[in-house]
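Trainee: If you want the building blocks of each chain, they are given just below.
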Amino acid sequence: MEITAWQIIILSIYAFVAIYDSLETNIGLNRPIQAGFFTGLILGDVTLGLAVGATLQLMVLGVGTYGGASIPDYMSGAVIGTAFGIMSGLGVEFAIGIAVPIGLFLVQLDILARFTNTFFQHRADKYAEDGNFDGVERMNLLGIIPWGLSRAIPVAIALIFGPEIVDALVNITPQWLLNGLSVAGKVLPALGIAILLRYLPAKRYLPYLLIGFALAAFLQVSMIGVAIVGLALGLLVYQRSREQLSIAGKGGVDEDE
Amino acid sequence: MKMSDKVVNNQPNSENKITKKELKRIFFRWFLAGQVGWNYERMQGLCYCYSIMPVLRKLYKKEEELKKAVKRHLQFFNTEPDMAHFILGANAAIEEREGTDGEEASTAIKTGLMGPFAGVGDTIFGVIIPTVILSIGANMALNGSSVGVWIWLIWAFVRFWLRWKFTEIGYVQGTKLIATMSDRIQSLTEAASILGLTVIGALIPTVVTPKVPFVFQSGEVTLEVQQVLDQIMPALIPVILVAFVYWLLGKEKMTSTKAIWILLMASIILGGLGVLGT
Numbered sequence: 001m002e003i004t005a006w007q008i009i010i011l012s013i014y015a016f017v018a019i020y021d022s023l024e025t026n027i028g029l030n031r032p033i034q035a036g037f038f039t040g041l042i043l044g045d046v047t048l049g050l051a052v053g054a055t056l057q058l059m060v061l062g063v064g065t066y067g068g069a070s071i072p073d074y075m076s077g078a079v080i081g082t083a084f085g086i087m088s089g090l091g092v093e094f095a096i097g098i099a100v101p102i103g104l105f106l107v108q109l110d111i112l113a114r115f116t117n118t119f120f121q122h123r124a125d126k127y128a129e130d131g132n133f134d135g136v137e138r139m140n141l142l143g144i145i146p147w148g149l150s151r152a153i154p155v156a157i158a159l160i161f162g163p164e165i166v167d168a169l170v171n172i173t174p175q176w177l178l179n180g181l182s183v184a185g186k187v188l189p190a191l192g193i194a195i196l197l198r199y200l201p202a203k204r205y206l207p208y209l210l211i212g213f214a215l216a217a218f219l220q221v222s223m224i225g226v227a228i229v230g231l232a233l234g235l236l237v238y239q240r241s242r243e244q245l246s247i248a249g250k251g252g253v254d255e256d257e
Numbered sequence: 001m002k003m004s005d006k007v008v009n010n011q012p013n014s015e016n017k018i019t020k021k022e023l024k025r026i027f028f029r030w031f032l033a034g035q036v037g038w039n040y041e042r043m044q045g046l047c048y049c050y051s052i053m054p055v056l057r058k059l060y061k062k063e064e065e066l067k068k069a070v071k072r073h074l075q076f077f078n079t080e081p082d083m084a085h086f087i088l089g090a091n092a093a094i095e096e097r098e099g100t101d102g103e104e105a106s107t108a109i110k111t112g113l114m115g116p117f118a119g120v121g122d123t124i125f126g127v128i129i130p131t132v133i134l135s136i137g138a139n140m141a142l143n144g145s146s147v148g149v150w151i152w153l154i155w156a157f158v159r160f161w162l163r164w165k166f167t168e169i170g171y172v173q174g175t176k177l178i179a180t181m182s183d184r185i186q187s188l189t190e191a192a193s194i195l196g197l198t199v200i201g202a203l204i205p206t207v208v209t210p211k212v213p214f215v216f217q218s219g220e221v222t223l224e225v226q227q228v229l230d231q232i233m234p235a236l237i238p239v240i241l242v243a244f245v246y247w248l249l250g251k252e253k254m255t256s257t258k259a260i261w262i263l264l265m266a267s268i269i270l271g272g273l274g275v276l277g278t
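These protein sequences, in sequence, are chains U and C.
The first sequence begins at 1 in our numbering and counts up one residue at a time.
The second sequence begins at 1 in our numbering and counts up one residue at a time.
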């Protein structure tokens, strides 16, 4: 299908708003799954958008911007990948194959945005010196611009020049590569899971990992069901550790000031 | 807080008393613009100053005092954005009680709390809760349902409310915050990790789903490899894959970005050869 100008504009604005949302309001627009869903909605193939978004989402479950680290931009990746998948008619595998390298590449712009804001910080220092406190406040708000543009510009460029690129890619993409990419879509979630296991105390709490696995693999319990069991186990441990603390507290020194 | 200090200080009158109105303004400022000015030099420093400004303006009427306070709050700050509300609330209480004498206490609570709060916040708000909600959501999405997208929206409202509560608690507790929070935080993180790991365990067979389409044939006998694997254990391939990537990530100089490339290449080769399929 052909992409129209208004679709490009809407998706670029979405990218701008999404990164702001991930920094502040957190209604989830910057999550690949939402970005894929929204792109699918705008371009008329929600199922494909959801599938692309969900696969990217599972890849980066445990990846966060801790301490200001930059992470691959799979939001923009999901938007561009989904759009290309729909435009080319080649579907989910093709879309993921595009989204992953794009997301990895766009991390550079995240770094650029964070770097650009240093300029506003220095202006704020100067305004504080001059007693221009409104100026200080304004500098913080201006920080939105580098953030938003770092997402909106690449999405706009990719979608504007997309049709030609898509045509070229479709012509050179062999079937075996598409097969390989569809396998990648099933394999890559293993990375998201492994990152989480590295981040959490997986060795110490291995039994809980096994319980979750057995429930899903052998008993086919749904995700929500497993989450409820996990919550119950977590609450039990929480209560026990609170009780232990209060027992220890009674024998201890009076901690009040 | 001892009474004697209060007398020495500018007596607190309605002029420089923080009301719910100021607390709300801090809350909304951080909620709406607590990271937009993020930069490599001082990270959330600019945003913190912006957010606490309403309090500073209310408390310091003399320009020199205000200037000093603003400069002080423009310094380095970085923590998990949800947890930051505790610090903003507590900091507002300190500024209110100690005024210009509270410079040290104010800096101390910021720098003292931002590290530990970042650790807990990243675990609970950054990893566990997104993992649980998005696992459910992504799983539904792969089956073509958008319900998971909306579950996150409900969480967003809960989080909004929580962040306001954090601001209030921070303000009421003030400097006592550290003592009251620390042991509870430990138990909470533990419980959250257990919930997270249970869900991750279930994720392995559900979302890592490559199959082995290989079929052995010798004369009349055909042997489907996947069937044999399933008899040993369901989801054997996913378990091996996750274990392999886990091991890979533990290697020196390995980053998640490098791991993506390795997995992408390996999938294309194994998929192209027909060893792995979908």
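Hint data in this document are derived by calculation from the structure and do not stem from the laboratory.
Any given hint could be a false lead.
Unchecked claim - The calculated lysine-lysine pairs, modelled on DSBU-like cross-linking and capped at a C-alpha distance of 35 Å, are: (1) U:Lys126 to C:Lys253; (2) U:Lys203 to C:Lys251; (3) U:Lys203 to C:Lys71; (4) U:Lys126 to C:Lys258; (5) U:Lys203 to C:Lys58; (6) U:Lys126 to C:Lys61; (7) C:Lys251 to U:Lys126; (8) U:Lys203 to C:Lys67; (9) C:Lys67 to U:Lys126; (10) C:Lys71 to C:Lys61.
Trainee: Indicate, hint by hint, whether the structure satisfies it.
Mentor: Now for the hints, and whether the structure bears them out:
1. U:Lys126 to C:Lys253: violated (41 Å)
2. U:Lys203 to C:Lys251: holds (17 Å)
3. U:Lys203 to C:Lys71: Answer violated: U:Lys203 to C:Lys71 is near 45 Å, above 35 Å.
4. U:Lys126 to C:Lys258: It is violated: about 42 Å lies between the C-alpha atoms, which goes past 35 Å.
5. U:Lys203 to C:Lys58: violated (51 Å)
6. U:Lys126 to C:Lys61: Holds: U:Lys126 and C:Lys61 sit about 20 Å apart, inside 35 Å.
7. C:Lys251 to U:Lys126: Violated, at roughly 46 Å.
8. U:Lys203 to C:Lys67: With Cα atoms ~51 Å apart, U:Lys203 and C:Lys67 exceed 35 Å; violated.
9. C:Lys67 to U:Lys126: With Cα atoms ~11 Å apart, C:Lys67 and U:Lys126 stay inside 35 Å; holds.
10. C:Lys71 to C:Lys61: Satisfied, since the Cα-Cα distance of roughly 15 Å is no more than 35 Å.
Of the numbered hints given earlier, the model fails hints 1, 3, 4, 5, 7, 8; all others are met.
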